[in-house]
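Line by line, the protein sequences are chains S and L. Counting from 1, one number per residue, gives the positions in the first sequence under this note's numbering. Counting from 1, one number per residue, gives the positions in the second sequence under this note's numbering.
Keep in mind that the hints are not guaranteed to be accurate.
Note that identical chains are pooled: a pair holds if it fits in a single copy or bridges any two copies.
No farther apart than 35 Å at their CA atoms in a straight line, the calculated lysine-lysine pairs in the DSBU-like style are these [said to hold, decoys possible]:
(1) Lys581 to Lys651
(2) Lys651 to Lys582
(3) Lys583 to Lys385
(4) Lys285 to Lys503
(5) Lys432 to Lys385
(6) Lys285 to Lys501
(7) Lys651 to Lys583
(8) Lys432 to Lys296
(9) Lys546 to Lys17
(10) Lys503 to Lys651
(11) Lys17 to Lys582
(12) Lys546 to Lys296
(13) Lys17 to Lys651
To be clear, the hints were calculated from the coordinates, so they are not data collected in a lab.
There are 2 protein chains.
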Amino acid sequence: DWRHRGRAHIICYVTLKWSLCFLIGALAGAVGFFNNLAVENIAGFKFVVTSNLMLAKKYAWAFGVFAGSNFVLAMFASVLTAYIAPAAAGSGIPEVKAYLNGIDAPDLFSLRTLVVKVVGCIAAVSSSLHAGKAGPMVHAGACIASTLGQGGSGKYHLSCKWPRYFRNDRDRRELVTCGAGAGIAAALRAPVGGVLFALESVSSWWNSALLWKAFFTTAVVGVVLRALIDICNGGKCGLFGKGELIMFDVTSDTIAYHLADLPPVILLGVIGGLLGSFYNFLLEKVLRIYNLIHEKGIGYELLLAATVSILTSCCLFGLPWLASCRPCPGGLSEVCPSIGSGFGIFKKFQCPPHHYNDLASLLFNTNDGTIRNLFSAGTDAVFQKSSMLLFFAASYFLGIVSYGLVAPAGLFVPLILTGAAYGRLVGMLVGKHSTLDHGLFAVLGSASVLGGSMRMTLSVCVIILELTNNLLLLPLVMLVLLISKTVADTFNANIYDMMVKLKGLPYLDAHAEPYMRQLTVSDVLTGPLQIFNGVEKVGNIVHVLKTTGHHGFPVVDGPPFSSSPVLFGLILRAHLLVLLKKKEFLHACTLSGVDASKQFSADDFAKRGSGRCDSIEDIELTGEEMETCIDLHPFTNTSPHTVVETMSLAKALILFREVGLRHLLVVPKSSSSPPVVGMLTRHDFMPEHILGLYPLLLKSRWKRSESPLLLK
Amino acid sequence: DWRHRGRAHIICYVTLKWSLCFLIGALAGAVGFFNNLAVENIAGFKFVVTSNLMLAKKYAWAFGVFAGSNFVLAMFASVLTAYIAPAAAGSGIPEVKAYLNGIDAPDLFSLRTLVVKVVGCIAAVSSSLHAGKAGPMVHAGACIASTLGQGGSGKYHLSCKWPRYFRNDRDRRELVTCGAGAGIAAALRAPVGGVLFALESVSSWWNSALLWKAFFTTAVVGVVLRALIDICNGGKCGLFGKGELIMFDVTSDTIAYHLADLPPVILLGVIGGLLGSFYNFLLEKVLRIYNLIHEKGIGYELLLAATVSILTSCCLFGLPWLASCRPCPGGLSEVCPSIGSGFGIFKKFQCPPHHYNDLASLLFNTNDGTIRNLFSAGTDAVFQKSSMLLFFAASYFLGIVSYGLVAPAGLFVPLILTGAAYGRLVGMLVGKHSTLDHGLFAVLGSASVLGGSMRMTLSVCVIILELTNNLLLLPLVMLVLLISKTVADTFNANIYDMMVKLKGLPYLDAHAEPYMRQLTVSDVLTGPLQIFNGVEKVGNIVHVLKTTGHHGFPVVDGPPFSSSPVLFGLILRAHLLVLLKKKEFLHACTLSGVDASKQFSADDFAKRGSGRCDSIEDIELTGEEMETCIDLHPFTNTSPHTVVETMSLAKALILFREVGLRHLLVVPKSSSSPPVVGMLTRHDFMPEHILGLYPLLLKSRWKRSESPLLLK
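Model the full assembly from the supplied sequences, consistent with the hints where possible.
So, in structure tokens, the structure goes:
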């Protein structure tokens, strides 16, 4: 146990941890900024070239350049992900969430994943795929945190020695939480929202010290972003302009609302909840189909990505032709029609001079530009109903088909886009019955769809406020979020839980299912329990490790050493493997009396980074060695958590989850039994396992998926 | 166990719970609004009368009216609190925090406490005592939640039947958490800040369902406040004006900052941290002295309150005479000098026409008005350095001496005031070296002193943002908070922990002290363990209950019923008392076979509101009855949490705290011992208890108070 140290070590540990948080924040901020800069410049260049061709009326050429560059970028992202780091596909938020719940996945946070995630995300977003950058940034932030916590990647000889303090589950989990928060903070420039996001929807354990560290990390992100933007203000960032990221200013002067505006807002929330839960439903179906395709091999994966890329290009380039050209309104501060890329709201597209195409302003633009256009106040007359409806439909549809591709892609931005279009549409339909600005409707629409799909409340609320920089919106945003989440909760679970389940990860919920109250822990124990003696034969250990897949074994001292069996503790497979590798065996099977701390240092037992587990097959032992013994006492955890066999399964689950355990020993209620009667692991708490043992429970089960609201 | 129910019951439970949250939010919002309305009108009327007398140059009369009304109001608050509900004194936040940690206190949340808290707080704040309304509102919110959860107060025959679902610790704790959040939200009009405050500094347990409920509650508060303000906009609220509460508008246009502004901001944070921790240090000393005075009786308490009230009146009325009159600047939209009450920044006080007294603008004003004046942008030239220094000193000093009085009083507003004055002072001293507005300096100063004293980060940050309605401040506020908290943490603990300790409440920290790692749970077990048999003699039970003060007893089945002793579960004192009261005894000491659920309903065992415990002395039993038996099996909790005796004390503490236990059974490691060897309660984990048993540990103890930062 590495905590048996002096004061100097503790100071060193704390200093290092805070420095790590600082580094995580600084790196995440820099990566987020670089990400935006790259996307705006690559996509911007593409739009400039295409627009210039359009201006010269070379429409076929324009489409060719547009679709071609999109195709190349999308395929680049897909090939990179598929061949180099498959773990980098998708948004990564479900994986991070599962990791923080205690599920280790190989290669999830490697340096390779990080690089592919960042580069792939830039390419995917630049390729006009309907994909966001927030999810990948969360994963990237977690990768940065984990890699720094490891002291670099061992594989590429970049590792250094100092972070030996952080090679344990708890510290790594805390760093990853900070990293995830920093990711959202960097992607959306929402430091407080980032902390709340990490708290509300990613993390499974939380304490105030961690809150404080996460807050520090995101504050660093905020400062770094601000400093980098100061550089961009000098005009050195190319097409990125002044580097405003997505910071929408619905100016506060224009916003005033009264009780009379409540009915449309409530309606907005209800329909938004329906749209959000239907989005989840459709996405799950599409992901199931995509999973079938992906199982057929990388070729099919790439083919799928290519198809979606071409489809997207066709949609984005083709749909604006359906919208009619509108004359530019007079008395504008902006150029109309704007030529080239940028955030201009009046796109010329195919229109004659002094006319603009409102659908092109939305479709033929970067995501950030579109969101800015939709959220702008005082633009009620700019868009037509038909255009907005078309954009909404396209956005809803493209968001669903684009997510499951092999490239890194997030869900946040597509949902914001879809919601904003939906909100504006509602605003247009309500028309004169409400005094609210359509830009405000767009903001509320985004909130409602996000709430309906992701079911986050506090964090989405704060993120929306930080994006729009307007606190007067607060009551309306809260109202919309509450309504849409409540409506959506009656239909299905939130999108991340749905994906975690789809990936088959053994995610442990924070609450017990009702039928678990009817069972005791001894009801779900399966299989024979493997127990080691305090001094155990090497041959025995090797045999057990080879024949079982368990990760922990109780150690019980038997008759030679004590009169009756005594529970000594729990030993981990990983530690046994270290012992077997070192080959410091005893020839007589007695207590060794050797000071183990001289033979081994704490580093030997430190947990390695993900994906680098030893295996029992790698250790070769001679027949003679098999007959020797190991004294397990010094290496056993003498403080295992225990429950009595009559403990209710529901209470055991709460204990397991709240304390964050991996193994839970079951002790007998009676003193005539052996001192340990079983062991519970994560898998024993999975509904699938329990219902497999007791199929009859299924009948009396109140299905959670039907009404998740009930158990909250 | 009331959860063994059908689906209809669960739906009913959930609906009721959400309705309760709604009611809590609505009531807390209404109370908060009423509170503000009353304070502004009472204090405003006082200032109008006094100002009119000043205008007529009747200075002695003015002082008489001012000091007299202050005295009457302060004494009213003190007498009310001292005689009717002593639990309502102070801010109440430490008590709420201790309650949520698991410490029941009698009468803490009664209806009487609520009424006294609200009325007393209005009187205390109106009396110009340097006291805030945020802390009392937190306590009031918690009272509302608890009282509603009880279905009203039983004492005044207001109770109703439906809330039987909520008569258990867990639900009551959740409701109180929501209530505390609603209190802050109502007091400061900061819904998100309220949730975060409840999360960060009040609550000990948290989960996402609770987050979601707390968010709903504070959203209701926001909507209710907004609706009530709409009424005030019609001008029907008397001197309350437009009912803006404290919503400061530092207009965003005036704020621009660059890297060059960082040094003064960092300096501000460092000194703010020092000031904050010194504030805590002084406050603790003063509270110790006050405690000595309070012990002497109510008369001394009231005398102390009277002294402080007169002292405050003298300060507020006397100090402005030291400031020189300044001519009104030209070209103002405001009236100068303003006459009467209100938020005018130019107070006439004793000055000749067209002159104003800047110190009077700060001292001779309501707290909200002063904060507004200090936070206003574009008022750099209004105040003089000497006035600001005087105001800062007075505010720092008065805040410390006013808190420990018997009246309800909070700390938030005094700290904001002190910090704002300190920030402006720094702004004036920095002068031309910074381009930042002095109003902004005031906001940052408030943040730094709050961070230094309360050590909250996220919630203070969000509260400040919600108060100022300006998100552009975010990076600066975060920076200042981080610095000031870090600086202050090196000196002492946060103000609420300090008060909890001072009150001697057994608060359980979320982390273990280092020396606890060296002990096992069996090291701290004390005293003989009282065990009951499954079927126990009434006489035995009565004897044990009379001779011990324990609240829980293990139940072990002995030889007549099983071959070897078997741990059956844990029974609570409260449940034993219910059994003894019902007198359904068995004449033969065998298993009863009677269906206990027919004799008793779950309501019999439901936990009563605070302060209404039965006592063993109230139950009278005949000698014959003493010889009969009770079958304890149906009433025993068969799922007690357990630890093995070799478990590390530190790990047991984490388990105890994370799962939120009251009793933890210690089971033996060996199978030859009795099935339970001891029981741990909250008191066994208190450092005082452990260090009492092992005084030598004190030497090797790394004192937490010296460096709390280290263990975070």
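Hints and how they fare:
no.	hint	verdict
1	Lys581 to Lys651	between (39 Å within a copy, 30 Å between copies)
2	Lys651 to Lys582	between (40 Å within a copy, 30 Å between copies)
3	Lys583 to Lys385	neither (76 Å within a copy, 76 Å between copies)
4	Lys285 to Lys503	within (13 Å within a copy, 58 Å between copies)
5	Lys432 to Lys385	within (14 Å within a copy, 53 Å between copies)
6	Lys285 to Lys501	within (13 Å within a copy, 56 Å between copies)
7	Lys651 to Lys583	between (41 Å within a copy, 32 Å between copies)
8	Lys432 to Lys296	neither (54 Å within a copy, 69 Å between copies)
9	Lys546 to Lys17	neither (38 Å within a copy, 52 Å between copies)
10	Lys503 to Lys651	both (27 Å within a copy, 33 Å between copies)
11	Lys17 to Lys582	within (31 Å within a copy, 59 Å between copies)
12	Lys546 to Lys296	within (32 Å within a copy, 74 Å between copies)
13	Lys17 to Lys651	both (34 Å within a copy, 22 Å between copies)
This entry does not satisfy hints 3, 8, 9, going by the numbered hints stated previously.
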